[in-house]
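Based on these hints, arrange chain R on the given structure of chain Z.
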Amino acid sequence: MLKHRVIPCLLLRNGGLVKTTKFRDPKYVGDPLNAIRIFNEKEVDELIVLDIECSRVGREPDYALIEEFAGECFMPLAYGGGVSKVEQAKELFARGVEKLCIQTAALADLSLIRQIADRFGSQSIVVSVDIKKSLLGGARHYSAARQRTLAGSWTEFIRAAADAGAGEILLNAVDRDGTLSGMDVEIIREATAACSVPIIAAGGAATLAHMRAAVDAGASAVAAGAMFVFHGPHRAVLITYPRYHDLISALDR
Amino acid sequence: MIVIVDYEAGNIASVLNMIRKAGGDAIVSGRADDIKRASKLILPGVGSFDHGITHLQAKSLPSVMRERVVAGVPLLGICLGMQLLALRSEEGVQPGLGLIRANFKRFGRPDLRVPHMGWNTLNVTRKHPLLDNIGEEDRYYFAHSYYALCEDPADVLATTDYGGPFVSAYAQANVVGVQFHPEKSHRFGLRLMKRFLEM
Numbered sequence: 003m004l005k006h007r008v009i010p011c012l013l014l015r016n017g018g019l020v021k022t023t024k025f026r027d028p029k030y031v032g033d034p035l036n037a038i039r040i041f042n043e044k045e046v047d048e049l050i051v052l053d054i055e056c057s058r059v060g061r062e063p064d065y066a067l068i069e070e071f072a073g074e075c076f077m078p079l080a081y082g083g084g085v086s087k088v089e090q091a092k093e094l095f096a097r098g099v100e101k102l103c104i105q106t107a108a109l110a111d112l113s114l115i116r117q118i119a120d121r122f123g124s125q126s127i128v129v130s131v132d133i134k135k136s137l138l139g140g141a142r143h144y145s146a147a148r149q150r151t152l153a154g155s156w157t158e159f160i161r162a163a164a165d166a167g168a169g170e171i172l173l174n175a176v177d178r179d180g181t182l183s184g185m186d187v188e189i190i191r192e193a194t195a196a197c198s199v200p201i202i203a204a205g206g207a208a209t210l211a212h213m214r215a216a217v218d219a220g221a222s223a224v225a226a227g228a229m230f231v232f233h234g235p236h237r238a239v240l241i242t243y244p245r246y247h248d249l250i251s252a253l254d255r
Numbered sequence: 056m057i058v059i060v061d062y063e064a065g066n067i068a069s070v071l072n073m074i075r076k077a078g079g080d081a082i083v084s085g086r087a088d089d090i091k092r093a094s095k096l097i098l099p100g101v102g103s104f105d106h107g108i109t110h111l112q113a114k115s116l117p118s119v120m121r122e123r124v125v126a127g128v129p130l131l132g133i134c135l136g137m138q139l140l141a142l143r144s145e146e147g148v149q150p151g152l153g154l155i156r157a158n159f160k161r162f163g164r165p166d167l168r169v170p171h172m173g174w175n176t177l178n179v180t181r182k183h184p185l186l187d188n189i190g191e192e193d194r195y196y197f198a199h200s201y202y203a204l205c206e207d208p209a210d211v212l213a214t215t216d217y218g219g220p221f222v223s224a225y226a227q228a229n230v231v232g233v234q235f236h237p238e239k240s241h242r243f244g245l246r247l248m249k250r251f252l253e254m
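So the protein sequences, as listed, match chains Z and R.
Going left to right, the first sequence walks through residues 3 to 255 as our numbering numbers them.
Going left to right, the second sequence walks through residues 56 to 254 as our numbering numbers them.
Since the hints were made in silico from the structure, they are not lab data.
Hints should not be assumed to be uniformly reliable.
[Unchecked claim] Straight line, CA to CA, 27 Å or less: simulated DSS-like cross-link-like pairs of lysine-lysine:
#1 Lys76/R to Lys92/Z
#2 Lys114/R to Lys91/R
#3 Lys182/R to Lys160/R
#4 Lys91/R to Lys249/R
#5 Lys114/R to Lys182/R
#6 Lys29/Z to Lys135/Z
#7 Lys76/R to Lys5/Z
#8 Lys44/Z to Lys249/R
#9 Lys249/R to Lys5/Z
#10 Lys114/R to Lys87/Z
#11 Lys95/R to Lys249/R
#12 Lys114/R to Lys95/R
#13 Lys182/R to Lys92/Z
#14 Lys135/Z to Lys24/Z
#15 Lys76/R to Lys249/R
#16 Lys160/R to Lys5/Z
#17 Lys5/Z to Lys29/Z
#18 Lys76/R to Lys91/R
#19 Lys5/Z to Lys95/R
#20 Lys76/R to Lys95/R
#21 Lys44/Z to Lys29/Z
#22 Lys160/R to Lys44/Z
#23 Lys182/R to Lys95/R
#24 Lys76/R to Lys160/R
Here chain Z stands alone, though its shape is the one from the complex (with noise of 0.2 Å):
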């Protein structure tokens, strides 16, 4: 049976691990070599590693690090962050990276992702979606890159996305991140609904149950970031990952 992934999601700056809330205020939370060892060590299955600004400031992504962080994966890596053509995804997945995830480069001009899916298979982009909830409780599509909200309907914007051969879609609930208070199970419902590719679900997870009420709602896949890195009330850093027979127990049964 296939199991539900359980993906630790990390947060690049600068060359440091970050964890933000609510996509702001990133808080320094150690080396990510280091972390991406520990979490090897862990089995966990699958990692995603995005570089939260790259895209924003313009700049490429850091092909020798990121080389670094794959010769410690013996499991997927994703990597996101400033990939806007098809030679850096080229780079990328010789260097040892299995998925790209995109997001500003997708927003602006799906034909990116339909290229890189047609040469390196749709299994290798995840198009990441980031959804912020408008004062009055709807659902807007939402551009971290730019920082503000887009107009247009962001199930469509999926759809679209997996048409054009997007293998997975990432999808971040921004009120939720960082808060560890729960995942945003409408959206995932949705976008569970919208679309037939395997969504993976972000923000607000702190324990299985949380994960399993995304999974519940349709989710193949739930990432986190705050839960695998920090511990106790006062947020001190520690990195964690539930064992496989807790995680199959909360997911699978």
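Coordinates of chain R only, in the frame set by chain Z:
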């Protein structure tokens, strides 16, 4: 000497990493000369079927790979590499290498999310050194949208369940294909890679 066949469509760094972790070494090459001297071959895989086969042809590799297989050199195809060993795939119009009599079809059940993406287990149906002593909970990473239909059921080594069983490993003499990624499957993939080194 193990040669990881470089045809600009595989995630080669990961395969080399895992071979080294398993205690072996390999070279990465797309040159016919190197492949002629190989004692083992790995055809890795990420990408689409026609793109892969076109690049193998552009480097004149299919014929030299077939020669090595006839000479008894073990060949392991991983994911797309497994698919390229077959006759055809619905994903493309080009014929595959034809080393295993199988055809690939896209997962078609409307209730299934495609790609089949994530960790899954094997049900070993035929004894083979590569899949020796696999535990029921041993898990492997899959990421694919097409699956094999073998013309000869005796070629099937293992099946995996995704909306019903599909062929997740097959072999014909010294040619083996696995649909999952041993290089990305933690200690389970490591063990498989060690067994391949011993083959």
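Would you list, in rising numerical order, the hints stated earlier that this structure does not obey?
The structure conflicts with hints 5, 13, 17, 19, 22, 24, although it agrees with all the remaining ones.
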